[in-house]
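S.K.: So the sequences go chain by chain: A and B. Numbering follows our numbering, with no gaps: position 411 of the first sequence is 411. Numbering follows our numbering, with no gaps: position 23 of the second sequence is 698.
Hints listed in this document are in silico derivations from the structure and should not be mistaken for laboratory results. Please note: incorrect hints may appear among the correct ones.
The following label-pair restraints were derived from C-beta to C-beta distances [what the hints assert, rightly or not]: (1) A:646 to B:741: 29 to 39 Å; (2) A:621 to B:770: 50 to 60 Å; (3) A:646 to B:681: 39 to 49 Å; (4) B:681 to A:675: 26 to 36 Å; (5) B:685 to A:661: 19 to 29 Å; (6) B:685 to A:658: 21 to 31 Å; (7) B:745 to A:642: 35 to 45 Å; (8) A:646 to B:731: 47 to 57 Å; (9) B:761 to A:624: 52 to 62 Å; (10) B:702 to A:628: 49 to 59 Å.
Here are some chain A residues pointing at chain B (derived, C-beta under 10 Å) [as the list claims (entries may be wrong)]: (11) 653; (12) 657; (13) 658; (14) 661.
The following residues of chain B were derived to be distant from chain A, with all beta-carbon distances above 10 Å [unchecked claim]: (15) 684; (16) 720; (17) 728; (18) 743; (19) 748; (20) 749; (21) 757.
Positions of the beta carbon are idealized from the N, C-alpha and C atoms, including for glycine.
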Amino acid sequence: MEDFLQHIDTLTINFALGAVIMPLLAAIVNRCLPANSKPSGWISTLAILVSAVLSIFVFAKVWNQHEVHQQQVWFTIGNTSVYTGILLNNLSVLMLVLVSLVALPVHIYSTAYMKDDDRYGRYFVYLSFFCFSMLALVVVDNLVLFYAFWELVGFSSYLLIGFWYTKPKAIIANKKAFIMNRIGDIGLLTAIAILFASYHTFDIEQLFGANGVVKSAAISSNWQYVACIGLFLAVAAKSAQFPLHTWLPDAMEGPTSISALIHAATMVAAGVFLLGRFYPVFTHDELTILAIIGCFTAFMAATIALTQNDLKRILAYSTISQLGYMVMAMGIGAYSSSLFHLATHAFFKCLLFLVAGIVIHEVQHMKDEYNLHIDPQNILYMGGLRKKMPLTFIASVVGGLALFGFPLTSGYLSKDGILIQSFEWAEGKDWLHKLIPIGALLTSWLTAFYIARLVIKVFFGEFKAAQFDPAIKLHVSDGKWQYRVPLVLLMGCSLFPLFSINPILYEKAWIFNGFSVITALDRVNIYHTILPLLVNLVGVIVMYWAYAIYIKEKALPLPESGFLFRFSYREWYFDKIYQKVIVLPVIALSKFTRWFDRNILDGFIHLLAKIGIGGSKIAEWCDRYLIDGFLHLLASITLGIGNFARRFQNGKVQYYLFSMLAIILAVFIFKILIY
Amino acid sequence: MISLSDFLIVSAGLFCIGLFVTLTKRNAIQILIGIELMLNAAILNLIAFGKYDRFTNSGQTFALFAIVLAAATTAVALAIILNVYKKYKTIDPDKTDQLKD
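Working from the sequences, and respecting the hints, build out all of it.
M.R.: Here is the structure:
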């Protein structure tokens with residue numbers, strides 16, 4: 001029976017393996033080519049295309065059927081064998097197909113977007129390497145390998161944020177991202193170590209599977225808390241949750257296509273994927289804490305996005321906010337909705353970022369042409385691009401509506417699912433628990449406002465930069481087919497038909513049902529009708545309000561000099577607080593340790609050295625003046641005797657004679673004296 | 676009557692004068708004279724002690740031999756001094772301190 005099953009599964013496993021290996025091959029080939037080689041773009045694109053096709057095949061084989069798990073012994077230490085292999089279940093095949101499908105349009109887009117870069121080939125090395133790491137991360141069945149690929153996606157993200165390494169801001173940003181992710185990695189490593197110590201296996205299937213040991217045997221509670229804190233840190237760092245979220249907005253210094261793939265669609269979702277993998281570890285109370293943090297992050301990031309002027313920064317905070325939704329959904333037990341939102345968000349956020357990339361690209365061209373002194377990412381200088389870039393405009397509207405969760409879009413299905421389930425979760429609990437669904441609801445309206453603000457400022461009204469130079473003619477366009485095709489593809493994926501035949505009921509979506517086993521919330525019918533209506537009605541009003549403010553120039557709801565405005569504009573002062581509370585003390589500590597090292601430790605060593613030198617100086621003195629001195633004394637005595645004796649041998653006959661006389665006289669005198 | 680000690684005193688005085696001359700003079704001839712004086716002091720001693728041998732007169736005989744030998748050595752010494760003078764153009768013994776050619 002087992003042999004038979006394995007025979008069928010071998011093909012699936014090989015296909016999954018192929019999907020993972022293809023980008024790695026592309027990365028290796030591109031690495032061998034020169035840094036600016038033009039074919040590398042198409043090599044990488046071809047590789048990811050093959051990956052996508054293979055992933056879809058694997059997906060069709062595995063989704064909602066028995067899971068495929070194949071492994072073999074990797075190494076053995078003592079009596080413990082560590083296995084390595086591939087685990088394909090609903091979660092991993094969903095991620096597999098999602099990552100390769102989002103990566104494909106981004107690759108096509110990148111071939112045009114990075115065209116003029118000197119390190120075009122190197123860019124595709126990194127991009128393919130990232131795809132490999134991410135695809136491997138989702139299919140591995142082993143916590144050690146999981147950790148390894150977790151690090152590799154972080155590493156490739158680091159490489160790509162700092163891709164334009166001549167920009168100081170990019171270097172600071174990638175250092176920040178790397179260090180913050182390091183904090184999360186420590187947490188994940190701790191959690192893995194505790195899990196291994198408790199259950200003596202790294203196998204994800206054995207740990208968290210249907211009959212997993214985590215469910216049947218609990219760890220002692222203290223270690224369980226430590227493991228969960230570690231896991232939470234890992235999630236917070238990778239998925240940019242409070243308090244480790246500040247690296248993501250800065251990560252926008254990388255190329256926009258990278259922001260679209262890594263920092264919006266896939267890598268940042270790895271934290272949520274981690275939650276999905278490790279879900280059985282968390283206890284009820286810890287899930288509540290997750291929900292609180294997710295909700296807070298969602299709300300905070302949405303308020304910050306309200307006032308930002310940098311196009312990509314708005315989208316970055318929007319990403320943080322949406323990731324907050326996903327974490328919150330995990331926390332309230334809406335496991336399937338969380339992963340559903342992960343999937344839909346990947347498509348529409350990627351779409352929005354690609355739109356942003358095109359807009360920035362075009363504005364940059366105008367800036368270069370007319371020598372304008374404007375920041376090409378600042379939405380205050382944009383406006384009126386609607387007529388010149390119709391496709392981009394439509395794409396942004398589709399993406400924006402999906403982000404807000406407007407009916408007929410994919411976002412509606414996933415996000416309203418989360419909202420409704422959060423209300424169901426809070427049903428019958430005290431008012432503190434009710435804050436979470438209310439926060440989520442408020443966030444959804446804030447989302448409506450900031451995305452409307454973004455679209456209106458960029459695409460409606462007049463081109464603001466024209467006020468610097470009236471001669472400016474707005475000639476921008478949607479760009480080449482490499483820009484248009486990804487937009488159309490992703491627009492298609494942002495609408496409802498891909499996810500559900502019924503555009504209204506999220507419960508009919510196939511992704512939702514793919515994970516329905518875990519969901520166990522009581523259905524409260526009334527929320528299912530009232531909430532979507534409420535959300536959308538108020539949301540539309542908010543959008544119109546934004547239109548009224550920015551186009552018809554009504555008064556702003558908050559004065560720009562007010563505290564709340566500045567609080568939001570300065571991103572809740574998180575960076576400043578971290579700078580003061582963490583970075584400066586750490587620097588001070590390291591300065592102190594440096595001082596300690598230099599003065600105390602080195603001083604001690606130097607003291608020893610000086611003592612050694614002093615001792616040897618004494619020894620040298622002894623050698624020179626005592627030992628040598630004795631020898632010199634002997635020598636000089638000998639010399640003196642020699643000189644004295646030499647005087648008698650002077651060749652003068654009379655002198656010899658006198659000497660003889662003197663000696664004889666001396667002998668006689670001596671004789672007389674003795675006798 | 677002249678006693679033995681008178682002879683010995685004269686002899687000792689002669690020897691001292693000869694010795695002094697030999698040690699202090701800067702002239703080879705004068706040194707030779709000094710040597711002769713010391714030799715004569717010795718001969719004088721031979722003769723003085725010869726009065727205790729009245730039968731064989733060996734003291735006087737030995738003195739005669741010594742005088743003849745002294746004359747011979749003086750001749751040889753003078754010849755050497757003459758050759759030294761030829762070679763060094765001086766007969767100061769302090770300055771003739773090189774034996775090699």
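S.K.: All the hints need checking, so say for each whether the structure fits it.
M.R.: Tested hints:
no. : hint                       : in the structure
1   : A:646 to B:741: 29 to 39 Å : holds (38 Å)
2   : A:621 to B:770: 50 to 60 Å : holds (52 Å)
3   : A:646 to B:681: 39 to 49 Å : holds (46 Å)
4   : B:681 to A:675: 26 to 36 Å : holds (27 Å)
5   : B:685 to A:661: 19 to 29 Å : holds (21 Å)
6   : B:685 to A:658: 21 to 31 Å : holds (24 Å)
7   : B:745 to A:642: 35 to 45 Å : holds (40 Å)
8   : A:646 to B:731: 47 to 57 Å : holds (51 Å)
9   : B:761 to A:624: 52 to 62 Å : holds (59 Å)
10  : B:702 to A:628: 49 to 59 Å : holds (52 Å)
11  : 653                        : holds (5 Å)
12  : 657                        : holds (6 Å)
13  : 658                        : holds (5 Å)
14  : 661                        : holds (7 Å)
15  : 684                        : holds (18 Å)
16  : 720                        : holds (17 Å)
17  : 728                        : holds (28 Å)
18  : 743                        : holds (25 Å)
19  : 748                        : holds (16 Å)
20  : 749                        : holds (17 Å)
21  : 757                        : holds (17 Å)
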